[in-house]
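Q: Below, each chain spelled out in residue letters.
Number of protein chains: 2
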Amino acid sequence: SLEPEKISDGHDVVEAAKSIYMVSDGTGWTAEHSVNAALGQFEHCLVDRGCAVNTHLFSGIEDLEQLMEIVKQAAKEGAMLVYTLADPSMAESAKKACEIWGIPFTDILGPITEAIASHLGVSPSGLPRGAPGRNVPLSEEYFRRIEAIEFTIKQDDGALPQNLKKADIVLVGVSRTGKTPLSIYLAQKGYKVANVPIVMGVDLPKSLFEVDPEKVFGLTINPLVLQTIRKARAKSLGFSEATRSNYSEMDHVREELEFARSIFAQNPVWPVTEVTGKAIEETAAVILRLYHDRKNRCSMPRIAKRY
Amino acid sequence: SLEPEKISDGHDVVEAAKSIYMVSDGTGWTAEHSVNAALGQFEHCLVDRGCAVNTHLFSGIEDLEQLMEIVKQAAKEGAMLVYTLADPSMAESAKKACEIWGIPFTDILGPITEAIASHLGVSPSGLPRGAPGRNVPLSEEYFRRIEAIEFTIKQDDGALPQNLKKADIVLVGVSRTGKTPLSIYLAQKGYKVANVPIVMGVDLPKSLFEVDPEKVFGLTINPLVLQTIRKARAKSLGFSEATRSNYSEMDHVREELEFARSIFAQNPVWPVTEVTGKAIEETAAVILRLYHDRKNRCSMPRIAKRY
Ligand SMILES: Nc1ncnc2c1ncn2[C@@H]1O[C@H](COP(=O)(O)O)[C@@H](O)[C@H]1O
Ligand SMILES: Nc1ncnc2c1ncn2[C@@H]1O[C@H](COP(=O)(O)O)[C@@H](O)[C@H]1O
Ligand SMILES: [Mg+2]
Ligand SMILES: [Mg+2]
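Line by line, the protein sequences give chains A and B.
Numbering of the first sequence is given in the numbering used here, commencing with residue 79 and proceeding in unit increments.
Numbering of the second sequence is given in the numbering used here, commencing with residue 79 and proceeding in unit increments.
Just to be clear, a hint being listed does not mean it is correct.
For identical chains, the list gives no copy identity; a pair is met inside one copy or between any two copies.
[Unchecked claim] Calculated cross-link-like contacts (lysine-lysine; reagent style DSS-like; alpha-carbon spacing at most 25 Å): (1) Lys244 to Lys373; (2) Lys232 to Lys267; (3) Lys309 to Lys267; (4) Lys232 to Lys244; (5) Lys154 to Lys373.
Please keep in mind that the hints were generated in silico from the structure rather than gathered at the bench.
Full structure from sequences and hints, please.
A: Here you go:
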């Protein structure tokens, strides 16, 4: 029997959905990221919206009045509250108000900040990132990231093969293995990335075989999944029937993946990463782990950073 | 008097730095993001490396043996441990081991997951994102994001002005206001972004004035900061002395910003965002808040999402 909240009448569904309010004195991206990861633990009921969830992100909340208005609204809506508030008195107010109103809540920033404070033996500033007087320093790292993004955009899809030597990471794979979004993801982390497509019957640029092979990474994918993705792509690009079938026909897909495999076999130093079933950020994690292991050759694989 | 750990001998400095170990059964990006935000609270002592910190990210940790090896290493190094472990028995083991070894620790995933579980009345799966059988569904959202990234790359720096009407967001500003990295940041969130440079003496594309002005956003910046950025840029691009001075001379910078201001004044519907002192993700938060407010016109500014 259908429960009332499962009836797919738009209005009822919205009413049945549970809300999560996310409040930050900054951008809110940290709260959003944590909530996203946690929601991954409820995928079994989210897929069919059996436990529908709506998130509401409130960013730049720096004064008590705004904060209290949001808490009241959360109480009205039966929402829970997740917050990152650097000012301890704001965080305390959020906590108290939630307790008074009976709102479930989680402080994302407080516990980790306290733990780091006692680890370092230093008190936290308590200043939100946008506080007056705080200025983002135009650090080297900042410029390096922007340069990486601009480099990576220009290099996309095999453009400027003469620049492969300037890349930190070179991705190689057939069309629709996610080279472009992966390149961009890595670029935002500060790596200069180039990607080179493998296309049946097209020679790879000579420069690919002249760069340090330790920075080249192959991507591979299950043929059935690739075909599904290519069909969607061909449709959205409005390919003609003929082009479409050559691009997404199973025989062609298999042949092209076989061609890629033979290239990878001839270049055994290139690690080959399977992207099937992986989100972009998961493939990025795999590649960066390999990349840093090769650089550091330390016993326990890790990515180290200095602050 | 110099304390021994402040002596800028490379070796001593490294030894004096405090370590933060981040462990995840997934990519580790959630732990990294939270630690980064929390470290923002210690900028006052991080700037001069008065409290130097090294982070170490261990991703894809799915078995107890690896976990225990990392905890032992953390104990040896006097590190603290931050973890996201979906399997409750792994999280419990991390906690116990830290207590036994006297390691400060923070569980990033557990508290928020528990709070959401009781809010939804649903038990978490306890499955790490990479668990066998779990497969990233090739969801509409997934394809939409990739399309947004590919669109945005092609549109960069005023390319294909005939496509402005297809963009969700159009950014307008002089060179080095961060249009490109901002566009890419927004694209990764699923928005199709186009950016159009304002260059002194160059006409803006006609199509810019034909699109819905509610999706156009102006960027502005402090002239002194812009000059600093442009000088760095000109140097890194190896501009000739003549081009360089025209690009980064103060008079020219001021004139160009004035030209931008006059264009913005003629288009009062375009909100103008000040980027000075803001990180890319901060400007992104400001623009997305404006964007969603305009779409929803609801009383409390927010970004809402359905899961
Ligand atoms: N660079 C920073 N300096 C100070 N606080 C920060 C910094 N980055 C993030 N935060 C704080 O960390 C929390 C999460 O930030 P956000 O992801 O922007 O919402 C907020 O309370 C911010 O104020
Ligand atoms: N889609 C997902 N499904 C299940 N668990 C997830 C998902 N995304 C993230 N997690 C979990 O959330 C934590 C943080 O993920 P990560 O940012 O990949 O380190 C890890 O314990 C992951 O296993
Ligand atoms: Mg591509
Ligand atoms: Mg640009």
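Q: Hint by hint, where does the structure go against what was stated? Just the numbers, ascending.
A: As far as the earlier hints go, not one is violated by this structure.
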